[in-house]
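Undergrad: My request is simple: use the sequences and hints to build the entire structure.
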Amino acid sequence: MAALLPCIGLALGWGLWEALIRVASSRAPIAAAFAPAPSLEALYRLVREGVLPYHAAVSLPRVLIGVGLAAGVGVPMGLAIGYFRSLERITAPVLQFVRTISPLSWMPIAVIALGIGDRPVIFLIAIASVWPILLNTASGVRHLNRSWLWLARSVGASTTHILIHVAIPAVGPQLFTGLRMAVGIAWVVLVPAEMLGVSSGLGYFLLDTRDRLSYSELMASILWIGVVGFLLDTGIRALEARWRRSGAGQA
Amino acid sequence: MKPSSRLWRRRELLAAMGGMFISWGMGWLSGCLPRTPQPSPVKTPVSEPGPRAGRPLRIGYLPITDASPLLVADALGFYRDEGLGDVELHLFRAWAQLLEAFQARQVDVIHVLIPAAIWLRYSRRFPARVVAWNHVNGSAMTVRPDIQRLKDLGGQTVAVPFWYSIHNVILQMLLRKAGLRPVLGGEGKVGPEEVRLVVLPPPEMPPALATGRIAGFIVAEPFNALAEVQQVGRIFRFSGDVWKEHACCVVMMHEADLEQAPSWSRGVIRAVVRAQVWLRQNRQEAARLLSREGRAYLPHPPKVLERVFAVHLAGYEDIIQNPAWSPMRIDFQPYPYPSFTEALVSALKETRVEGETGFLGPLKPAEVARDLVLEEWVREAIVEVGGPKVFGQPATWRRQERIEP
Chain A
0 MAALLPCIGL
10 ALGWGLWEAL
20 IRVASSRAPI
30 AAAFAPAPSL
40 EALYRLVREG
50 VLPYHAAVSL
60 PRVLIGVGLA
70 AGVGVPMGLA
80 IGYFRSLERI
90 TAPVLQFVRT
100 ISPLSWMPIA
110 VIALGIGDRP
120 VIFLIAIASV
130 WPILLNTASG
140 VRHLNRSWLW
150 LARSVGASTT
160 HILIHVAIPA
170 VGPQLFTGLR
180 MAVGIAWVVL
190 VPAEMLGVSS
200 GLGYFLLDTR
210 DRLSYSELMA
220 SILWIGVVGF
230 LLDTGIRALE
240 ARWRRSGAGQ
250 A
Chain B
0 MKPSSRLWRR
10 RELLAAMGGM
20 FISWGMGWLS
30 GCLPRTPQPS
40 PVKTPVSEPG
50 PRAGRPLRIG
60 YLPITDASPL
70 LVADALGFYR
80 DEGLGDVELH
90 LFRAWAQLLE
100 AFQARQVDVI
110 HVLIPAAIWL
120 RYSRRFPARV
130 VAWNHVNGSA
140 MTVRPDIQRL
150 KDLGGQTVAV
160 PFWYSIHNVI
170 LQMLLRKAGL
180 RPVLGGEGKV
190 GPEEVRLVVL
200 PPPEMPPALA
210 TGRIAGFIVA
220 EPFNALAEVQ
230 QVGRIFRFSG
240 DVWKEHACCV
250 VMMHEADLEQ
260 APSWSRGVIR
270 AVVRAQVWLR
280 QNRQEAARLL
290 SREGRAYLPH
300 PPKVLERVFA
310 VHLAGYEDII
320 QNPAWSPMRI
330 DFQPYPYPSF
340 TEALVSALKE
350 TRVEGETGFL
360 GPLKPAEVAR
370 DLVLEEWVRE
380 AIVEVGGPKV
390 FGQPATWRRQ
400 ERIEP
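Residue numbers (numbering that gives the first Met the number 0), protein chains in the order written: chain A, 0 to 250; chain B, 0 to 404.
Derived by calculation from the structure, the hints in this document are not laboratory data. Here a beta-carbon is modelled for each residue, glycine too, at the ideal position from N, C-alpha and C. Any given hint could be a false lead.
To be verified - Partial selection, computed: residues in chain A whose CB lies under 10 Å from chain B: (1) Ala27; (2) Ala30; (3) Glu40; (4) Met106; (5) Gly114; (6) Ile115; (7) Ile184; (8) Met194; (9) Val197; (10) Thr208; (11) Asp210.
What the hints assert, rightly or not - Which chain B residues stay away from chain A? Per the calculated CB distances, all over 12 Å, these: (12) Ala103; (13) Met172; (14) Glu193; (15) Glu254; (16) Glu349; (17) Pro393.
TA: Okay, here's the thing in structure tokens:
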């Protein structure tokens, strides 16, 4: 029965999709191309011809490097901000301000500072995905059981030692949540970011299908991005499960 | 599943990912990968020690047929013939992003709407000049099937691609003639004597027309052809039937390159002029070459592009009001007539646009024609390929502007 539940969800989604397109295409026939049948047909064709896998292979490193950079900056900053209350007070106004800036309004700055091609795309992904990682890590540290920290300090542990051996293992679950959110946001930002003078990638291809009004191929790329995103999320969850099994979670 | 096969799969995946990162890293190191790999130059490279030495020629463009000469010059190796070395083509999706990259000096040569070129030089005070026309005509106004006359647009919304565009200028000429008043942006209903103008990205125009959100749009090809092929609208008027052989997109370059690397710059201009000669003689071949089934410079299928590059406007006799001009849907002629620039500056002063427009007031048409446009080098290049007659133009380098909305 439990295995059946996702199938019910998929069937409901399909029905909703079909119904929405029926309504829309009764008013504007152009919408018929968005329907499930032509979209899946286009998906099959574009995957078989290798078009979508090729563009995914171009976009995936952009996403992973972007999120990797975000984690490289977000985790240490999150740890520090969560641990030192004064640092949190100092950074709060600026961080809250910068966080609400739409990632896309960074575009002109990205192009001016980093040129065109891969670099601005990665920058836009990193700047959009750094916030969930930073904030989740910081909140994890903040909600640490303070008695552990006192305990660690009382046995003579240094601040660095406490952060590495107590805080990081303890905030693991929040960190993974932040990472999963970050990857989700990275895919959202990828499409508009690949407007900036690149010549391949899933976002680029999606915009191409839009430029030639070929909407079943557009839906196919959306579905494909969904599949790739789902696989990536599954990968992170597998990593998390492994980390838990290794016992680090019980520190 | 056996553990060994699981391990193998993981290893294979890691190897594949590693390969991706390595190839990506190489791309990073060598700058942006050019869209089409170019063999080494066949002619001796321009021996100019200046700022261009060793740097690739970077061209920015939008996926519209207006870009054709810049793209054809690459496809046929004309840049290489001029000894310009490596060529990188960068595709952008909107005017704003193309102009941003140009202002950040991330691209050297762009095609740009001529009113936007005026805005860039006189409002933004950005040091760049127009060196040639990229094409003439190439745009049209498409309407919903229920719109029969201009008067029917009263109380409706019409989309333009950019406030500083020849499309906006021509649309407002048409509306004024029909006694309709343009209202820019905003919400709510407009009066029966008014038409709301909105800026929409070209790919959004045909679907917006199909859903009835707008009553019409005026834009560069192939978006009118796409709307025709998708049967969501019909062409109401070709832009070249309103303003005879008007410029739309022009070729723009950085002033610093023009001053410090003159022979390199002349090479670029020569390549573009030669591309236009070829385009005039090989229209249908151009449609295939540029399409996704050719060299894929543009994402559109040949069927749509062939419509745009058609030689005669057969089947449109009922909407063409100036048949004597024998307007082509898109045509190619590089000489930047000063009379056009002057007439455009005057027309812009009468056109309503959003944003800061104070810079338009003090502009003197004749001065703009001299200061914005560098016409000597393109004139040289035209003479080299056989003179103005090659492009069906008078030998006097002068013309009378014909505007009949």
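Undergrad: Under 10 Å, Cβ to Cβ, is where Val197/A needs to be relative to chain B, so tell me if that hint holds or is violated.
TA: 8 Å, holds
Undergrad: Does Met172/B sit more than 12 Å from chain A, CB to CB?
TA: 28 Å, holds
Undergrad: So is Glu254/B really clear of chain A, every C-beta pair being over 12 Å apart?
TA: 18 Å, holds
Undergrad: Double-check Met194/A for me: the hint is only fine if its C-beta lies closer than 10 Å to a C-beta in chain B.
TA: 4 Å, holds
Undergrad: Less than 10 Å between beta-carbons is the criterion; does Met106/A satisfy it with respect to chain B?
TA: 7 Å, holds
Undergrad: Grab the minimum C-beta distance from Ile184/A to chain B and call the hint holds if it beats 10 Å, violated otherwise.
TA: With Cβ-Cβ at 21 Å, over 10 Å, it is violated.
Undergrad: Any Cβ of chain A at or closer than 12 Å to Ala103/B, or is the non-interface label fine?
TA: About 4 Å separates Ala103/B from the closest Cβ of chain A, which leaves it inside 12 Å; violated.
Undergrad: Does Gly114/A hold up as a contact with chain B if the rule is Cβ-Cβ below 10 Å?
TA: Holds, about 5 Å.
Undergrad: Against chain B, run the beta carbon of Asp210/A and see if the smallest gap drops under 10 Å.
TA: Nearest chain B Cβ about 5 Å off; hint holds.
Undergrad: Once the closest CB in chain A is found, is it more than 12 Å from Glu193/B?
TA: 25 Å, holds
Undergrad: Please verify that the nearest CB of chain A lies beyond 12 Å from Glu349/B's CB.
TA: 31 Å, holds
Undergrad: For the hint on Ala27/A, does the least C-beta distance to chain B fall short of 10 Å?
TA: This interface hint holds because 4 Å falls under the 10 Å limit.
Going through the hint list in order, the structure does not satisfy hints 3, 7, 12.
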